[in-house]
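Number of protein chains: 2
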Amino acid sequence: MSKSISIFDTTLRDGTQGEGVSLSADDKLKIAKKLDELGVQYIEGGIPGSNSKDIEFFKRVQQLGLSAKITAFGSTRRKDSKAEQDGNLKRILESGVQAATLVGKSWDFHVHTALQTTLDENLAMIYDSIAFLKQQGLEVIFDAEHFFDGYKNNADYAVSVLKKAKEAGADWLVMCDTNGGTLPHEIHGIVTSLTSLIPQAQFGIHTHNDCELAVANTLSAVEAGARQVQGTINGYGERCGNANLCSIIPNLELKLGYECIGEDRLKQLTNTARFVSEIANVNMPVNQPYVGNAAFAHKGGIHVSAILRDSRTYEHIVPELVGNKQRVLVSELAGQSNIVSKAQDMGLDFDSTSEHSRKVIEKIKDLEHQGYQFEAADASLELLLREAGGEMKELFTFESFKMLVEKTAGRAVVSEAFVKLNVAGNNVYTAAEGNGPVNALDNALRKALVQYFPAIKEMHLSDYKVRVLDEKDATAAKVRVLIESRNINQSWNTVGVSENVIEASWEALVDSMRYALLGQILQTSEPEAASPSQGLVNH
Amino acid sequence: MSKSISIFDTTLRDGTQGEGVSLSADDKLKIAKKLDELGVQYIEGGIPGSNSKDIEFFKRVQQLGLSAKITAFGSTRRKDSKAEQDGNLKRILESGVQAATLVGKSWDFHVHTALQTTLDENLAMIYDSIAFLKQQGLEVIFDAEHFFDGYKNNADYAVSVLKKAKEAGADWLVMCDTNGGTLPHEIHGIVTSLTSLIPQAQFGIHTHNDCELAVANTLSAVEAGARQVQGTINGYGERCGNANLCSIIPNLELKLGYECIGEDRLKQLTNTARFVSEIANVNMPVNQPYVGNAAFAHKGGIHVSAILRDSRTYEHIVPELVGNKQRVLVSELAGQSNIVSKAQDMGLDFDSTSEHSRKVIEKIKDLEHQGYQFEAADASLELLLREAGGEMKELFTFESFKMLVEKTAGRAVVSEAFVKLNVAGNNVYTAAEGNGPVNALDNALRKALVQYFPAIKEMHLSDYKVRVLDEKDATAAKVRVLIESRNINQSWNTVGVSENVIEASWEALVDSMRYALLGQILQTSEPEAASPSQGLVNH
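Chains C and W are the protein sequences, given in the same order.
What the first sequence shows, in our numbering, is residues 50 to 588, in sequence order.
What the second sequence shows, in our numbering, is residues 50 to 588, in sequence order.
Since the hints were derived computationally from the structure, they do not count as laboratory data.
Keep in mind that a hint or two might mislead.
[Stated by the list, open to error] With a straight-line Cα cutoff of 25 Å, these simulated DSS-like cross-link-like pairs (lysine-lysine) come out:
| # | chain 1 | residue 1 | chain 2 | residue 2 |
| --- | --- | --- | --- | --- |
| 1 | W | LYS527 | C | LYS506 |
| 2 | C | LYS527 | W | LYS52 |
| 3 | C | LYS451 | W | LYS79 |
| 4 | W | LYS102 | C | LYS412 |
| 5 | C | LYS201 | W | LYS52 |
| 6 | W | LYS102 | C | LYS451 |
| 7 | W | LYS79 | C | LYS201 |
| 8 | C | LYS52 | W | LYS496 |
| 9 | W | LYS304 | C | LYS527 |
| 10 | C | LYS527 | W | LYS201 |
| 11 | C | LYS527 | W | LYS79 |
| 12 | C | LYS304 | W | LYS102 |
| 13 | C | LYS469 | W | LYS451 |
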């Protein structure tokens, strides 16, 4: 049997059913281009005519000249009507696609309860709709909704649905675990029996993650003979999401020897996952398999010293195969080997036996003792190491900030911040309001920096966390603030610690902006803005 | 074969290796209590002696009288030494646990590369360490690190490791997929062969999620004969996380007919998952299987009308089985039973069918929609319910607060708060400094209240947490503040939500003091201080 698998991406259709995922036509076009570069075979663009975004997408995607086939999604014709007169089917034709995904019922319970029609009429709806699109020259992918629940309830009927679709000319018969409740061994058994019951057909699999088994279920179906895999980037989708292509593709390519997009394009996987998460404006879990920021991160000291000897000791694949990389986290549990490898990652000359390096390590340990945590604040650590290496110029000289929050009964709360700095020899004094104190500080600081460093406009804060370090006396205790920032290409994390949450936030904010402007404040770089003054930032 | 599975929770040990997860001794004790209520059989508390938090945890957990067995984690003895003289093993004994988890190497490559010793010495290390702890009367769970990688590389050696552990008296032989790179069918094959090679042993499974297969791999091992499952709440753990018990337990109980914690306790699963995520201060993905906020949420119009006809159409289980609820965006139907039972707990007359109760439930739902979360803020919920029952008198009438933070180069940051209230008919205007803004507010509010309610002196804030609710635009987003307060007898939790962290803190602070003074502001109670004015607190 062939070891070649067709990847069918439905991020732009089923993925947008996920909570918090909403894509404009422009967003969809950007993602389609990226998916095409990744090498997926099918890109399901949406439901033609369902809304103006999808109409625009199907029109404009034709001009991109993609290699992937664009498919449009729709249901089988309405009951008791003709396929030629069905509005949904007409709109699929009008969308200009060469392939259509038609969804039909295969669970008798659903035919009765949801469609409220007869089993025979459902078969006719499937046959007529597929035959009609085939006559018009389209490739047809038939998605058998609730196939596994249907098979378990009434196997004969579920099988007759697939047979009818095949008879009408469907190119692919896709078995959907719509409710996500089926287990891997059940999928394996059912797909195996189907491949012998309908021997000439090409089968596909479409799973959902309600039991945290969507990836395993997909692999089971492939091992049993399915040759098309439907899923989404990062597993976006309704409820618990669709099958996550970012895990399925490397599992198939690297673990099971199937060919999906090829090992060369596999290196774009991490980048694609992060790009899509950025466009969809959904934060990616750090612990996402293969492509997450922590997927190859190592924390424990013993692990780290073993990893440095041979990375196979604690890594199941070489991270670069999927375009990710190893990260060594610095934490209280770890020894200095973490810091050394971190410095080496940054290209710094850092010999752990030298006097200088020992001092830096001691400083970091001292900061950790004070409550700093660099494990989740890579950027602050990098700034520290570069600073210690004498590489950094000052971003500004700090003079003062003031922050005022005022609330009067019956009126909205007001936050204002005032920032006094010296930037590149100029005194700058700015004031700004905000939705909250940190937002006000962020706004005032940006206002002070933007004329000297316009690149500051391209970054924004994307996450903000506060933690009380000593719980014995909460409001008088030290707090640690972690800030995540991002621009279009990357995200980075910074940390601040103080007894005062505003001061800790200020510190993390300043580090975040220093990191964003790192290219302009390294001693080695050419000044792109007004020349900053000498010395290190004191924070 | 028995259908009974032991659940071994390692949230407090392996879970804390996850990026961003950091737990104090207090946090660990709270989670241990919650896990015990959920009904897990083993709670791995940490590594005795590795840091002061773990030392404190093992000391204090003994006073909780939990039913679950507390276990301490450690490595086998160091090479070329004696078990009786090994510091780690000694510290396990000193921790006072009845069960120990000992990790040992089973991959020959690791014995050479990481341990840098001989295969025979590794066997001796395993034998000696287990035998020593067994002589001291402990139950011993042997975690065979990298078992599957080891088996694939050198099956004879991997098997001899388990045999040696058994011979030394280990009660459980746990096969670990430490790097998370093994596939379900491989696990099934290897575990099956082991159960026949070592027929008298009890086997366990410990997996990691690097291929997004940790849940499937665990199920595979159980189906092949493993009877202990190691994992963490919400799948916290190094890199991509450990096997997620919140998905494994319902899969085993509801889908495969095994008994883990029992169907009755299963109803606490969602609550437990959310509680742990709050304590760990890690956002729970909305789409988390079974326990996530979107796990049973329905968005699509067609889905919703089918769901309203029969929820089996798009739900694989009844959400209440795991303590979760259906969310239909058009009409919220479920979830009032927990509020009713809460009200009954407080001795309130709360009939869920009455018009009054329906209004209260709607108000709570509305607040939850705004970002309030009452799962970790019992005291705020109780205040709401009592308020709705007309039981509460006003603590004060709010007029205004102002909060100023000022930092000048070279000088310490200064925080001041000004509070204007009417307490018991008297205008009160106070000012106070603090170590931070919330401390300043706390001090100013106390100053205003203390002459009328001297009991306020007996309580203090003991924990303070801030969570950004909408991460898309971090400093301009809504935040939720959770405050824990305590006096000599008890602790209680309150919540505040606002776009402004200071306003949210104020709200949680006020609730905290209202709860502390509950005895004095209930309508039924005798006034102990100057008589407060009538009406409800407006906050």
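Hint check, failures only
2, 3, 6, 7, 8, 9, 10 and 12
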